[in-house]
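Make a model of the complete structure from these sequences and hints.
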Amino acid sequence: MHRDDAVPAVRISGLHKTFLNRRGKAIEAIRDVTIDVAQGEVVAVIGPSGCGKSTLLRILAGLDATYGGEVRLDVGDDDRGGDDARLTAATVFQGDSTLPWLTVTKNITAVGLAKLGLSAAEKARRAEEVLRLVGLHEFAHAYPYELSGGMRQRVAIARALATRPHLLLMDEPLAALDAQTRLVIQQELLTIWSGTRSTVVYITHDIEEAVTLADRVVVLSARPGRVQMIRHAPPKAGMSVAELRRDKAFGDLVVELWQAIAGSVGQRLTPSGTEMEVAS
Amino acid sequence: MTTLSTPEPLVQPTPDSDGVVRELVRRRQRERRRKLLWGVLTPVAVLVLWELASRTGMLDHNFFPAPSTVLLESVRYLTDADLRSELLDNLRSSGTRLGVGFVLGALLGIVVGLLMGLVPVVRYALNAIITATYPLPKLALFPLMIIFFGIGNASMIALVTLGVFFMVCINTVGGVTYSPPIYRDVAQAFQLPRMTRLLRVTIPAAIPSVISGLRLGFGQALIIVVSTEFVSSQNGIGYIIWNSWQVLNVSAMFVGLTIVGLAGWLGSTAINAVGRLVVPWQDDD
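Protein chains in written order, with numbering that gives the first Met the number 0: chain A, 0 to 279; chain B, 0 to 284.
Because the hints were derived from the structure by calculation, they are not lab data. Among the clues, some could well be false.
[Unchecked claim] Cut-off 25 Å, straight-line C-alpha distance, at most; resulting in silico cross-link-like pairs (DMTMM-like, lysine to aspartate or glutamate):
| no. | chain 1 | residue 1 | chain 2 | residue 2 |
| --- | --- | --- | --- | --- |
| 1 | A | K114 | B | D184 |
| 2 | A | K235 | A | E40 |
| 3 | A | K105 | B | D184 |
| 4 | A | K122 | B | D184 |
Structure representation (structure tokens):
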């Protein structure tokens, strides 16, 4: 891939998003958000619930096309055909997104890889590779309902990775997992990303997770979501999740981000702001 | 290096040192036995009470012959050559109406239901018509069917088809439109080609609902077959019931009722079994 590194992989400029609620009332979810994500950069987006984090991700994933402003993905084409084919963007959703009627392997090959014109052999190879990566290769032929919630989420992560996406979109992928599994998977993600240099947009409400995984952290304010703050995370070359958490710079940034969000919630989460949460 | 490593698979063969697994297995088996026992004992108790009531004269045995009498009558239908061939003929007539009507109605219901579920315009267009005609008692439409298809099998099958169609169609539409939105999101996010999306996501997601439609449809089919045979037929199980009543051959009437009951039970058990087979991720019990 020959691409100018100066060209951001994702350019979100002046993004506006408004929903209609059931009573036909317009609800502003995102106001004038501008974020650039560089090639190979991991950007975490945090913010109080209802700040439009998930909405932002749905727009990037192509699940929502009615918005104002500009969203440009300059990450590479789907380059269909060869066995090197990659998807422009792949998404890991917040809740269980495995399809219960397909085996773990089929969830990857028949759904994740459906768009790419891969040979059957390459599909099988990729499925095996990613399942090994997330530690589920022994469950290749199990059905999702035979697995625990954490294992199913790992299947969803494997499914996204198998497409070798130019842009990996993750919407609170670890929110439903227990604390230990969360740490383990954070470590796995760090390891995977350091190898693949993926461009990642990672939505989370967990500040420590954001600082652990991301190169840069974007804080959105309470609804309507606006960019409140952008911070670079301390460099983490070769450091493990456990080491990162003992790092002074890490702790300082977590506290700073925490205060920013707490302030935003204090100001904005007034009783009048009790509209139904639209997409988060 | 760190202390973190790939998590162990959560499902592993578990050593059963303190007998917990054995206890769990025992409890499950006990629950199964209880289910079977109560499922069998209750109907048996009802039959025994009925037998007693009929024999002691609490129930007029002219109208409520004892179960043993009905059983003997059934045996007579099976052993007597003339009666047996008559019964088989009637079973064949009813079975044909039921089977053909059910299959036609189910196919039609699934196709129209899928179209309504997948194409909003079709749904908007047909919704009013279907919701208005669905609650009509199907027997009330029988005269219309006779006008369209003439007196005889065709009009009866048409009515069965109609009854099954409504049940299956409405449930199929629901299955497509009310399936969890996450499935649609996944299909969209991974840019599934149209056919893959239909076959791998939309249709499988609708199957549980289609199965309940089939189950309800089968019940409808049975009701419609028997009731149309009451009013306009010279054969079939419904005809046996009605005719036996007319000539006050009450035990023969009960034989007919028993057959219809058995057919309903068999049909819904079979559909449940198919459901468990194709929808293993939903275990309802």
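Hints broken by the structure, by number, lowest first?
none
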